[in-house]
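2 protein chains.
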Amino acid sequence: MTEAKLKKYAELLVRAGGNVQKGQLVVINVDVNDARFGRMVRDCAYDAGASEVFIIWEDDSSVRERYLRADSSVFDTFPEWTVERFRHFDESGAVYLRITSSDPGLLAGTDPDRRMRAAKAASIATKPHAKLMMDGTLRWSVCAVPSPAWAKTVFPDLTEEQGMERLWESILKGARADGEDPIADWKAHKQSFVKKVEYLNKKQFTSLRLTTGLGTDLTIGLVKNHRWVGGGGKTKDGVETFPNLPTEEVFTMPDRNKANGKVVASMPLAYNGNLIEDIIIEFKDGRVTNYSASKNEESLKNMIEMDEGAHRLGEVALVANSSPISQMGILFYNTLFDENASAHLALGRAYPKNIEGGGEMTTEALTAAGGNDSLIHVDFMFGTADLRVIGIDENGNETVFFDKGEFVF
Amino acid sequence: MTEAKLKKYAELLVRAGGNVQKGQLVVINVDVNDARFGRMVRDCAYDAGASEVFIIWEDDSSVRERYLRADSSVFDTFPEWTVERFRHFDESGAVYLRITSSDPGLLAGTDPDRRMRAAKAASIATKPHAKLMMDGTLRWSVCAVPSPAWAKTVFPDLTEEQGMERLWESILKGARADGEDPIADWKAHKQSFVKKVEYLNKKQFTSLRLTTGLGTDLTIGLVKNHRWVGGGGKTKDGVETFPNLPTEEVFTMPDRNKANGKVVASMPLAYNGNLIEDIIIEFKDGRVTNYSASKNEESLKNMIEMDEGAHRLGEVALVANSSPISQMGILFYNTLFDENASAHLALGRAYPKNIEGGGEMTTEALTAAGGNDSLIHVDFMFGTADLRVIGIDENGNETVFFDKGEFVF
Chain Z
19 MTEAKLKKYA
29 ELLVRAGGNV
39 QKGQLVVINV
49 DVNDARFGRM
59 VRDCAYDAGA
69 SEVFIIWEDD
79 SSVRERYLRA
89 DSSVFDTFPE
99 WTVERFRHFD
109 ESGAVYLRIT
119 SSDPGLLAGT
129 DPDRRMRAAK
139 AASIATKPHA
149 KLMMDGTLRW
159 SVCAVPSPAW
169 AKTVFPDLTE
179 EQGMERLWES
189 ILKGARADGE
199 DPIADWKAHK
209 QSFVKKVEYL
219 NKKQFTSLRL
229 TTGLGTDLTI
239 GLVKNHRWVG
249 GGGKTKDGVE
259 TFPNLPTEEV
269 FTMPDRNKAN
279 GKVVASMPLA
289 YNGNLIEDII
299 IEFKDGRVTN
309 YSASKNEESL
319 KNMIEMDEGA
329 HRLGEVALVA
339 NSSPISQMGI
349 LFYNTLFDEN
359 ASAHLALGRA
369 YPKNIEGGGE
379 MTTEALTAAG
389 GNDSLIHVDF
399 MFGTADLRVI
409 GIDENGNETV
419 FFDKGEFVF
Chain S
19 MTEAKLKKYA
29 ELLVRAGGNV
39 QKGQLVVINV
49 DVNDARFGRM
59 VRDCAYDAGA
69 SEVFIIWEDD
79 SSVRERYLRA
89 DSSVFDTFPE
99 WTVERFRHFD
109 ESGAVYLRIT
119 SSDPGLLAGT
129 DPDRRMRAAK
139 AASIATKPHA
149 KLMMDGTLRW
159 SVCAVPSPAW
169 AKTVFPDLTE
179 EQGMERLWES
189 ILKGARADGE
199 DPIADWKAHK
209 QSFVKKVEYL
219 NKKQFTSLRL
229 TTGLGTDLTI
239 GLVKNHRWVG
249 GGGKTKDGVE
259 TFPNLPTEEV
269 FTMPDRNKAN
279 GKVVASMPLA
289 YNGNLIEDII
299 IEFKDGRVTN
309 YSASKNEESL
319 KNMIEMDEGA
329 HRLGEVALVA
339 NSSPISQMGI
349 LFYNTLFDEN
359 ASAHLALGRA
369 YPKNIEGGGE
379 MTTEALTAAG
389 GNDSLIHVDF
399 MFGTADLRVI
409 GIDENGNETV
419 FFDKGEFVF
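Sequences listed follow chains Z and S, in order. Take the position in the first sequence, starting the count at 1, then add 18; the result is the number in my numbering. Take the position in the second sequence, starting the count at 1, then add 18; the result is the number in my numbering.
Treat the hints with care, since some could be wrong.
Unchecked claim - Some chain S residues near chain Z, calculated using beta-carbon distances under 7 Å:
#: 1; residue: 87
#: 2; residue: 103
#: 3; residue: 408
#: 4; residue: 412
Don't read these hints as lab results, they were simulated from the structure. Small disclaimer: the values here were computed from a predicted structure and weren't measured. Built from N, CA and C at the ideal position, the CB exists for glycine as well.
Only chain Z is shown next, with the shape it has when bound in the complex (with noise of 0.2 Å):
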């Protein structure tokens, strides 16, 4: 990939992405092995007029070691200076943009036990940090480069060099990004998600009925005056950013419990290093009655018994089919790029941003309101190319907004 072109990534993650401010401190998470890029992105930022960069250098690698390697006991707690040092950046209002490439079988074989342990202590740890970031208090932006393990695993017939590549091609393709001016056409993509958002807040169907040819079926109930988004939005100071590079999706609030039926995933998930495949759970009354996986089913099961609200739901979005990472027809094995191929739910904590007045409301109100709340919020896909969409209304009148995978109204 050239200079120039990996130039015009950084810049759209720091000026669009973050749309980082003059005078902001700017936080970078990005893995030892990405130190090129990382560099440009921090060299963006202070271009953008950062008054400081922190980089979190990560290793994949080393978080690997540890599990396989550490003592049991460490799984069991988080350190305090790391939820310190979230808190500093936080009061400084410091926009964080992260850059992963994980192996998306970087944890196999690890134990699921220690994976869990470990989750469940920086979940708790670090709520109040992920309430800010959900809440629309924090900017942040999230991007993705390849890995040579990530490569292998989506183009695992060809080279290193020749997958790397590929892969590069594939996610600046996806994320908008290999255009002459891609904040440009991130700017034009924005207004596509308007007409969306405008006519199914309008709408304020009470329920959703999902339907695929996979055999998902499920009825989910929206909360009272949910809110559509899609395309970014604006931070609670008022600053547009695009939390997620890319962005296809446009998604609401579920009531935690209104869900039954069942739902099957149509794509593997990579959750915690691992890949869990052909994922099937039921719901009723919001809750998950059961659930099943061809595949590592022991990390499904310790995402669902993390605590009560990883048995509901915390999400609903659609994307259409004709989406680019959609038709492209790459199965990417990461959340970032699949979820917007395809429309998905999340298991556990809503976005406050889903419901009127969200960022203002405790807690207590938002699950009073029918929002979900919990340590986790993973996102899994089970869109199809004959995904069908009703809409129900409080009348019982029923719309048929998004057929063989398309939006059609």
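Starting from the known structure of chain Z, arrange chain S on it as the hints suggest.
Then chain S, alone, in the frame of chain Z:
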């Protein structure tokens, strides 16, 4: 450099340097560019039974960019979470392993005022941690690996590849890590210090007169009950470590009020990312009265003006001219190596282990005994092939125990 040789070097750092014991937390500081060697050290630490290995990834290029581009205000503070992190590691009984590869001119052209403010803020905030490092509570060890910029400074006429290979060879040779069994070599090396240390501790000279052909003529008093130390030593919990790989010096504690005369440096000093050349310092009654440098005198000024203790001596160290590093005749522009080629003095804080019972003394008691306290501890080299040291006892009797660059008892 071959994998096998690197592995031996990593093992030397873990097993002899830090002497990692079963069940201990190990903290590794390493630059992102040296990830390969850092991960080898990590794996050796797990092999040695570490309960957990935490890597603090550093990035020289981001340090430089921060000095050049961050807002001026950030250099006056040192984030509390970093202090909290030290506290967490210190209280967990961590073993610190540091891998350095700095470009000696990394910070050339950056604002000396920013550097001074940052160094001061860091020194103040980390003083409790630095005390535990120096008083024998914490186990730690430092080693070096080459970087292209460092290799270019040392071997300006070689290509990058040749320079890196040559610097690797020089480092491993200088660190006595190029043999079949470096750990055994270090056990033997340790024995060579015993005779020197025993002789000097028995003599209990009240002062030393240091003279060289370059113009050094300095008489320094030593504190009462001073201890000469060399070849590593035991931490308070009785574990043998080698804080520096390499180590060739024997050193003790000057009286902070007793230094008179002039010292002429025999090598440039790499301090805070700048090379200070041709240092000359004059002392009266222990305190710096005059100083100069032909290059980067500003850095020398910032160092000495840090606080009162930076105007006084905290260490005097002797190194035989026959040491392997000295014999290589290479100027490393790196204190870890250059201080082990040459006799040196340190401005700033004294090591409590250099006085009888020092590990249990309060800072006040140490100061009262003549031990120096400061935010800094910076070694600078003055030893030459014609260095002569005269020991003077309490009755005024003189003994030449070091002459023409060698110990002569």
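request  = Go through the hint on residue 412 of chain S and say holds or violated, using the shortest Cβ distance to chain Z against 7 Å.
outcome  = 50 Å, violated
inquiry  = The hint names residue 408 of chain S as touching chain Z; please verify it with the least Cβ-Cβ distance against 7 Å.
reply    = 50 Å, violated
ask   = Per the CB criterion, is residue 87 of chain S less than 7 Å away from chain Z?
value = Nearest chain Z Cβ about 4 Å off; hint holds.
key: Status of the hint placing residue 103 of chain S at chain Z (closest C-beta pair under 7 Å)   = 4 Å, holds
When held up to the earlier numbered hints, the structure conflicts with 3 and 4 and fits the remainder.
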